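Quick mapping for you: the protein sequence lines, in order, are chains U and P.
Mapping of the first sequence onto our numbering: residues 1 to 117, in sequence order.
Mapping of the second sequence onto our numbering: residues 1 to 114, in sequence order.
It should be emphasised that the hints constitute simulated quantities derived from the structure, not laboratory data.
Don't take each hint at face value.
[As the list claims (entries may be wrong)] Once the Cα atoms are required to be at most 20 Å apart in a straight line, the calculated DMTMM-like pairs of lysine to aspartate or glutamate come out as:
1. Lys1(P) / Asp86(U)
2. Lys42(U) / Glu15(P)
3. Lys42(P) / Asp63(U)
4. Lys42(U) / Glu17(P)
5. Lys42(P) / Glu59(U)
6. Lys78(U) / Asp63(U)
7. Lys57(U) / Glu100(P)
If you're wondering where the values come from, they're calculated on a predicted model, not measured in any experiment.
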Amino acid sequence: EPEVTQTPSHQVTQMGQEVILRCVPISNHLYFYWYRQILGQKVEFLVSFYNNEISEKSEIFDDQFSVERPDGSNFTLKIRSTKLEDSAMYFCASSDPGQGGYNSPLHFGNGTRLTVT
Amino acid sequence: KQEVTQIPAALSVPEGENLVLNCSFTDSAIYNLQWFRQDPGKGLTSLLLIQSSQREQTSGRLNASLDKSSGRSTLYIAASQPGDSATYLCAVRPGGFGNEKLTFGTGTRLTIIP
């Protein structure tokens, strides 16, 4: 069964550094998402991306964050200058609107654990 | 603002028992509700999606129900097995065009005792 793939599985970085988290969504999917989960807290929405542009973002997704689909297969999340509070598990997800539009299920990757020291 | 609550936070049951996990949400204007499973340190695996017009969905030993008007959903697991041990999350998608984000509950950590 096709999967959403995320790399790396664990990233350690120093405060103030830039990080890029990478995702390969399922190949025929058209909607892409980033969510995060701080340890012990709820999974939170960051951003959705469709047709090469951001379609919705949360208040968490400030100017320090950006997303990009640099080619036909990758989807990246960049944090420009990391803070301690950015430490979390970051999940990429994708969905296929052909499977029911807004009723298409989201498929999640295994996540990248980001640790900011 | 949509709030999603899952009670209990943790549940332990002997193997073989049937069990019910609960999810409640404050705003009934939803497009759908999705149940996920999360294993420790892993991603989210989609289990079932119930559209707002549906009352229930079934997959194998899992049955999810939705009562949109009362803001409740349940996930029923029949004949539980140790492999069912995981955290179960529910998430709702708001109604209306352009509303794409899922709002998640805090999850129920399920332990099946062999």
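Each hint tested on the structure:
1. Lys1(P) / Asp86(U): The hint is violated at about 23 Å.
2. Lys42(U) / Glu15(P): violated, 28 Å
3. Lys42(P) / Asp63(U): Given pair lysine 42(P), aspartate 63(U) is violated - Cα atoms ~28 Å apart, limit 20 Å.
4. Lys42(U) / Glu17(P): Between lysine 42(U) and glutamate 17(P) the Cα gap is close to 28 Å, so the pair fails against 20 Å, i.e. violated.
5. Lys42(P) / Glu59(U): This hinted pair is violated, its Cα atoms lying about 25 Å apart.
6. Lys78(U) / Asp63(U): This hinted pair holds, its Cα atoms lying about 10 Å apart.
7. Lys57(U) / Glu100(P): It holds: about 9 Å lies between the C-alpha atoms, which stays within 20 Å.
Checked against the numbered hints given earlier, the structure breaks hints 1, 2, 3, 4 and 5 and satisfies all the rest.
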